[in-house]
Amino acid sequence: MDGDATQATVLDALEARYPVLCGAIRDHTSKRRRPFIRFFACERDLSHDSPDAPLPGAVRGGDEPLLIVGAIAGG
Amino acid sequence: MSSVRVLVGTRKGAFVLSADGARKNWQVDGPFFPGWEIYHVNGSPADPNRLYASQTSGWFGQQMQRSDDGGKTWNPIGNKFLYDGETGTHQWYDGTQKPWEFKRIWHLEPSASNPDVLYAGAEDAALFRSSDGGQTWNELPALRNHESAPQWQPGAGGMCLHTIIVDPKDPKRIFIAISAAGAFRTDDGGESWKPINRGLVSQYIPDPDAQTGHCVHRLAMNPSRPNVLFMQKHWDVMRTDDAGESWTEISGDLPTDFGFAIDVHAHEPDTVYVVPIKSDEQHFPLDGALRVYRSRSGGNEWEALTKGLPQQNCYVNVLRDAMAVDRLDSCGIYFGTTGGQVYASADGGDTWSAIVHDLPAVLSVEVQTLK
Numbered sequence: 001m002d003g004d005a006t007q008a009t010v011l012d013a014l015e016a017r018y019p020v021l022c023g024a025i026r027d028h029t030s031k032r033r034r035p036f037i038r039f040f041a042c043e044r045d046l047s048h049d050s051p052d053a054p055l056p057g058a059v060r061g062g063d064e065p066l067l068i069v070g071a072i073a074g075g
Numbered sequence: 076m077s078s079v080r081v082l083v084g085t086r087k088g089a090f091v092l093s094a095d096g097a098r099k100n101w102q103v104d105g106p107f108f109p110g111w112e113i114y115h116v117n118g119s120p121a122d123p124n125r126l127y128a129s130q131t132s133g134w135f136g137q138q139m140q141r142s143d144d145g146g147k148t149w150n151p152i153g154n155k156f157l158y159d160g161e162t163g164t165h166q167w168y169d170g171t172q173k174p175w176e177f178k179r180i181w182h183l184e185p186s187a188s189n190p191d192v193l194y195a196g197a198e199d200a201a202l203f204r205s206s207d208g209g210q211t212w213n214e215l216p217a218l219r220n221h222e223s224a225p226q227w228q229p230g231a232g233g234m235c236l237h238t239i240i241v242d243p244k245d246p247k248r249i250f251i252a253i254s255a256a257g258a259f260r261t262d263d264g265g266e267s268w269k270p271i272n273r274g275l276v277s278q279y280i281p282d283p284d285a286q287t288g289h290c291v292h293r294l295a296m297n298p299s300r301p302n303v304l305f306m307q308k309h310w311d312v313m314r315t316d317d318a319g320e321s322w323t324e325i326s327g328d329l330p331t332d333f334g335f336a337i338d339v340h341a342h343e344p345d346t347v348y349v350v351p352i353k354s355d356e357q358h359f360p361l362d363g364a365l366r367v368y369r370s371r372s373g374g375n376e377w378e379a380l381t382k383g384l385p386q387q388n389c390y391v392n393v394l395r396d397a398m399a400v401d402r403l404d405s406c407g408i409y410f411g412t413t414g415g416q417v418y419a420s421a422d423g424g425d426t427w428s429a430i431v432h433d434l435p436a437v438l439s440v441e442v443q444t445l446k
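Chains X and W are the protein sequences, given in the same order.
Counting from 1, one number per residue, gives the positions in the first sequence under our numbering.
Counting from 76, one number per residue, gives the positions in the second sequence under our numbering.
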């Protein structure tokens, strides 16, 4: 992808490629992360970081993945 | 030969149960969308191969699915349900005002004449319509913008629009019901709505003339008499003969008149079915005995139907969208339970047998009659 790699831009690219994911990871309108979805990378929980904050360098460089994980919550 | 296809939504997937008109030997397909809450699966009367499903989860939100081959294969369709304009607020359980927030789709009602047209009932309560087979959805905002809306309050299960009935003789007339705002009717295709709750009595509403606030659990209509509707309320079974302008209680000799599901015989418009549940605190049948009650007189006089249903140690519930009837000559009645059973009667309720015993908790049951 072109431009800065942030949570927001990565999700924009993901949703453009896989439209069925629209609304499944973040709210359609507010673009806020869905409450039971978490973002992890480089052994850190990025869920509460700003969606516009640059992702860790290792993710931007392709050495580490950005993990989008459903919370291990009941049900 | 005619056949039936029972569409079952459960807490962990959808199932399709098929049989010929004898309704004795069943094929069970599923689970489709395993692990997802399937609030409703419904078929288009205009094209019985066209099915729609509401697929939802707390993790990933609302998805919508469509089948064009009678449930064999499914494809995702549009899942964007955006409130039109200012969302406004409604009452919360503690009496404070809370903004409208979309949670899930509870009910799908395909058009009788066009397989691409269908309505969807949402939580927080709103009515959506698609005219392109579910690819896009538009709200009919006049309902949510009704003057009474800021006073609407959720029932225990959420503020859900759970019932949509389109008048088969006039598609611009639509009845809906919301827990716990009550029943509403439009006569102009959703441009304007009126509450139709006169005659409903609820202990927790001191004003006998309250327009809204009643917890209506379900409405049912026989298509031959669109002015007559039956209602299962949070306590009380009710009936209207004038399209909701007034309601009268028909609980009569029911052992308890709490419950969720209600339906009407396909060919006998005064034959009504309910599944009495002990109370609002104890959502299971009286005495641990699962009984469907049938009235052949349009209410008040009820008989217990028990043959083939468990009469001891049965503490399941039957949810509001989990009962349906087919249109075969000997009308079949179907219902699903929170214990995962789906029961069927091929003789109007005289005898019952379980199609399946061990599904996940059943949220909804619909049945298609196929020629």
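None of these hints come from the bench; they were simulated from the model.
Incorrect hints may appear among the rest.
Said to hold, decoys possible - Not everything, but these chain W residues come out facing chain X in the computed CB check (under 10 Å):
| no. | residue |
| --- | --- |
| 1 | K155 |
| 2 | W167 |
| 3 | Y168 |
| 4 | W175 |
What the hints assert, rightly or not - Derived lysine-lysine pairs resembling BS3-like cross-links, with alpha carbons at most 30 Å apart:
| no. | chain 1 | residue 1 | chain 2 | residue 2 |
| --- | --- | --- | --- | --- |
| 5 | W | K155 | X | K31 |
| 6 | W | K155 | W | K99 |
| 7 | W | K269 | W | K87 |
| 8 | W | K382 | X | K31 |
| 9 | W | K155 | W | K446 |
| 10 | W | K247 | W | K353 |
| 11 | X | K31 | W | K353 |
| 12 | X | K31 | W | K99 |
To be verified - If you anchor each label on the Cβ, the simulated ranges turn out as follows:
| no. | chain 1 | residue 1 | chain 2 | residue 2 | range |
| --- | --- | --- | --- | --- | --- |
| 13 | X | Y18 | W | N124 | 21 to 29 Å |
| 14 | X | V20 | W | P243 | 32 to 40 Å |
| 15 | W | N150 | X | A71 | 21 to 29 Å |
| 16 | W | Q357 | X | A13 | 22 to 30 Å |
| 17 | X | G61 | W | K147 | 39 to 47 Å |
| 18 | X | Y18 | W | Q387 | 17 to 25 Å |
We treat Cβ as the ideally placed atom computed from N, Cα and C, and that holds for glycine.
Given the hinted pair K31 (chain X) and K353 (chain W), is their Cα-Cα distance within 30 Å?
violated (44 Å)
Can the suggested window of 21 to 29 Å be confirmed for the beta-carbon pair Y18 (chain X) and N124 (chain W)?
For N124 (chain W) against Y18 (chain X), whose Cβ atoms are near 27 Å apart, the range 21 to 29 Å holds.
That 22 to 30 Å hint for Q357 (chain W) and A13 (chain X) (C-beta), does it hold up?
The hint (22 to 30 Å, Cβ to Cβ) is violated, given that Q357 (chain W) and A13 (chain X) are roughly 51 Å apart.
So, W175 (chain W) near chain X? Judge it on the closest CB pair being under 10 Å.
violated (12 Å)
Mind checking the hinted window 39 to 47 Å against the Cβ distance between G61 (chain X) and K147 (chain W)?
Once the Cβ atoms are compared, 45 Å apart, the range 39 to 47 Å for K147 (chain W) and G61 (chain X) holds.
Straight-line Cα separation of K382 (chain W) and K31 (chain X) no greater than 30 Å?
Outside the cut-off at roughly 53 Å; violated.
Distance restraint between K31 (chain X) and K99 (chain W), which requires alpha-carbon spacing of 30 Å or less
This hinted pair is violated, its Cα atoms lying about 50 Å apart.
Using the C-beta atoms of Y18 (chain X) and Q387 (chain W), is the stated range 17 to 25 Å upheld?
Violated, at about 51 Å.
Hint validity - Y168 (chain W) Cβ closer than 10 Å to any chain X Cβ
violated (19 Å)
Answer holds if the nearest beta-carbon of chain X is closer than 10 Å to that of W167 (chain W); otherwise answer violated.
violated (18 Å)
Tell me if K155 (chain W) is really an interface residue toward chain X, meaning its C-beta lies closer than 10 Å to one of theirs.
holds (5 Å)
Given the hinted pair K155 (chain W) and K446 (chain W), is their Cα-Cα distance within 30 Å?
violated (35 Å)
In terms of the numbered hints stated before, the structure departs from hints 2, 3, 4, 6, 7, 8, 9, 10, 11, 12, 16, 18, listed from lowest to highest.
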